[in-house]
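S.K.: Following the hints, position chain B against chain A.
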Amino acid sequence: MNTLEAFADLVGASGAVAVEGGRTQWSLGGPADPDARLVRAPSGVVSHEPEEMIVRVRAGTPLEELRAATAEAGQFAALEASEPALATVGGVLACGRSGVRRLGWGPVRDAVLEVTAVDAGGSLIRAGAPLVKNVTGFDLCRLLVGSLGTLALIAEVVLRCKPLPEVERWWRAEGADPFGVAATLYRPLSVLWDGRCTWVGLAGYGADVDDQERRLLRPSGFEEVAGPPPLPGGGRWSYPPAALAGLPGAAGGPWLAEIGVGVVHTAAGDPPFDPASHVRPAAAAPSAFQPGPAHQPALAAIHRRLKEAFDPTGRLNPWRSPLRSLPPQASR
Amino acid sequence: MQDGLVDALRRALAPDRVHADPMELALYARDASMISGQASVVCFPLDGAEVAAAVRVCADHGRPFVARGSGTGLAGGATPAGDVPPVVIVTTKMNRVLEVDAAQRVAWVEPGVLNLDLSRAVAHLGLHFAPDPSSQQSCSVGGNVANNSGGPHCLLYGVTNPHVLAVEVVLPDGETVLLGGVDPEPDGLDLRGVFVGSEGTMGIATRIAVRLTPLPPSVATLLADFPTMGEAASAVSAVIAAGVVPAALEMMDANIVEVVEAYVRCGLPTDAAAVLIVELDGLPAGVETETSLVSKLLLDKGARSVRVASSAQERESWWKARKSAFGAIARIAPNYYLHDCVVPRSRLVDVLAEVGRICAAEDLVLGNVFHAGDGNLHPLIVFDRRVPGVLDKVHRAGQAIIEACVRAGGSLSGEHGIGLEKRDAMPLVFSAADLEAQRRLRDAFDPLGLCNPEKVLPRGGSRCGDLADLPAGAWV
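Chains A and B, in that order, are what the protein sequence lines are.
Numbering (numbering that gives the first Met the number 0) for the first sequence: 0 to 331.
Numbering (numbering that gives the first Met the number 0) for the second sequence: 0 to 475.
Bound conformation, chain A alone (with noise of 0.2 Å):
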């Protein structure tokens, strides 16, 4: 039954579903509509292929059993999840949420080179390739990373794979300038900073990040630490990077920023800053260029439409949206 047709059959053509991995971010873009059914992916590794770099994975995988498996070759692939024996692949997707490693991995995004999914006909439809170059059609894998579910229900992915660093170490430090540690840094892997205190992650061969450490981590006084530190959970923020150097003087309460990628961690449920100071703060370099409006009717209207083509009856997910300022409709 652990078929990607059974999986189709399941989510069938008609009455509203909402799918569900391991709920580590259940609230996302929404409540589920209490009315809808719920559905669960497929699970499991399907093939692991070292000598390609990539791995076959089925949707309802959680990322631990995913780590694992890769990891016997010496690889990994690049999805993370403060949960991960809970989160699963599918859901991670769907969210479209990176971790703390994304100054260094990357967004979620990049991972996925093939996705095979439901559609709102209880269809199976595949795009993309099992292959680590192509641009063989339009990207729906992108479209679907960060959907919510809302326009398709992922049931399998390709993902790249890349060879496990020989080592991965972390560093604090109280009183450091993250910024400056995160320009002199030869592509780290993590830079976090509470306002006081700063982490470095760094991931390669072992000679390169002891030098690395020798040179520019301890003369700031870094001291080696297991890993990274928890996330404060009440809210997580988006901001131009440059932005974060305004934090100090405006975050109410406890947060983490990621340096360099500019996801902001709050404890409370409040963002930081001012959403509209936020366009240019302040503390950043004046830009012509920084993002416009938050709410662009025309952004809307694509994903209005996007909507409409993809789910004509608004059975997929029902309640949710990817888009903030475009309020979900119910399902007819």
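Keep in mind that the hints were calculated from the coordinates and are not lab data.
In this text the structure is predicted, and so the values were computed from the model without any measurement.
Fair warning: there could be bad hints in the mix.
[To be verified] So the derived list for chain B, only partly shown, Cβ under 8 Å to chain A, looks like this:
1) D82
2) P84
3) G125
4) D182
5) E184
6) A240
7) G242
8) G374
9) N375
[To be verified] Think about it this way: if two alpha-carbon atoms lie no more than 27 Å apart in a straight line, the pair counts; the simulated BS3-like pairs of lysine-lysine are:
10) K319/B <-> K295/B
11) K300/B <-> K161/A
12) K161/A <-> K295/B
[To be verified] Have a look at the derived ranges for each label pair, beta carbon to beta carbon:
13) P218/A <-> V96/B: 28 to 38 Å
14) R330/B <-> R186/A: 14 to 24 Å
15) P283/B <-> P296/A: 30 to 40 Å
16) A241/B <-> E167/A: 31 to 41 Å
Cβ coordinates follow ideal geometry from the N, Cα and C atoms, glycine included.
M.R.: Structure of chain B alone, referenced to chain A:
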């Protein structure tokens, strides 16, 4: 009708930047592919507002339009095609680097900025734009965005999509919208990711925020020569299987080595059946470790010799040789047809042999110069189009090469795109339902169907592919 269109465009832009004389139109009838179309008007906007004005005129007149950068595309993506000759909107005059934020490693550029000019403009900051197509001296960043372009160093750094943070786009109805953002999680679907690689069918990029990449502190470039193509291909698999991801891993066969050596004279072994260029970059200790590991693997797999570039000059001369292959090939014959397919790396040996058989059967001269590390083949068929019947042979061989790659588990294009060239081969790799989903995506951006029509998706559903089946008004 035509007069009204030209006048409206001249009012929207300026009379001297809207051209409709036959000589000028002929210049824009095709890109670097072999597929010609017919332009109705060619216009040269100076900024996003003028692009929007031109697109609105097209929408008002119900006329299709095609964006064009440097016109170096090889799949006909910028060829004006269709029953109604499209308006060609050329972005070459929009060629300013608008802003460079060295601290955040972001540059805002206009679409007409040339790929290599951008890297040169930021080199003094220790940065570069990582996608490096062989045409990087002449191709534009806007074209790279349209085609999700690759290049040798995409093996480690990825193709264009990961290097684009935001795109200001004039949509097919003339509205301007910002897709993506310099912040990491912009609201909504990843329409930026969808737009990059959409081959000009979803709007026209007018400003682009690109990610700049630090220049590596240490680089080692290795050149290995092999007595057979098969041994070179198995060495490629061995390197990847050993857990090394080189910055670039390129292969050239004997025909290519012979012509580029005659052109560049950088000491390539002209008696080799295949040459691999392997570039390793990063921090010094890792580069040193990987250099010895890769050297050993190459020798184990049959390399007669492995040289490490002893200077930047030597390294650059090897890259010059690699990147000038398409020009140098003119020593053999005046025309070439450059293919672009991807196969699983483990199938390189079989597929290269099959491609050789296909070309031999048609009595065509073949060169192979390609991105071996990611399985991205570039069979280069060299011919003289004045020879009667040769074009038929070239197309038959091309179709057979595509089919062989697909049979081996490969795909139609690794970096050149689908355009017109491979549009009708799409059913070889996608079902009718897959193609319908792609059509829905495109139509959400372009409900009127005016934006680079005829490209990427086959017209009539899931007919089996035939390369020669081109739209009306196009000719090869």
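S.K.: All hints, please: hold or fail.
M.R.: Verification of the hints:
1. D82: Cβ of D82/B sits 23 Å from chain A, so the hint is violated.
2. P84: violated, 25 Å
3. G125: violated, 10 Å
4. D182: With a minimum Cβ separation of about 4 Å from chain A (threshold 8 Å), the hint on D182/B holds.
5. E184: Check passed: Cβ of E184/B comes within 4 Å of chain A, closer than 8 Å.
6. A240: holds, 4 Å
7. G242: For G242/B, the interface hint holds, since the closest Cβ of chain A sits about 4 Å away, which is under 8 Å.
8. G374: Since the shortest Cβ distance to chain A is 7 Å, the answer is holds.
9. N375: holds, 5 Å
10. K319/B <-> K295/B: holds, 26 Å
11. K300/B <-> K161/A: holds, 23 Å
12. K161/A <-> K295/B: Holds, because 22 Å separates the two Cα atoms, which is no more than 27 Å.
13. P218/A <-> V96/B: 28 to 38 Å: Holds, at about 35 Å.
14. R330/B <-> R186/A: 14 to 24 Å: violated, 41 Å
15. P283/B <-> P296/A: 30 to 40 Å: With Cβ atoms ~52 Å apart, the hint is violated.
16. A241/B <-> E167/A: 31 to 41 Å: Because 20 Å falls outside the window, the suggested range is violated.
In the structure shown, a violation is registered for the earlier hints numbered 1, 2, 3, 14, 15, 16, in ascending order.
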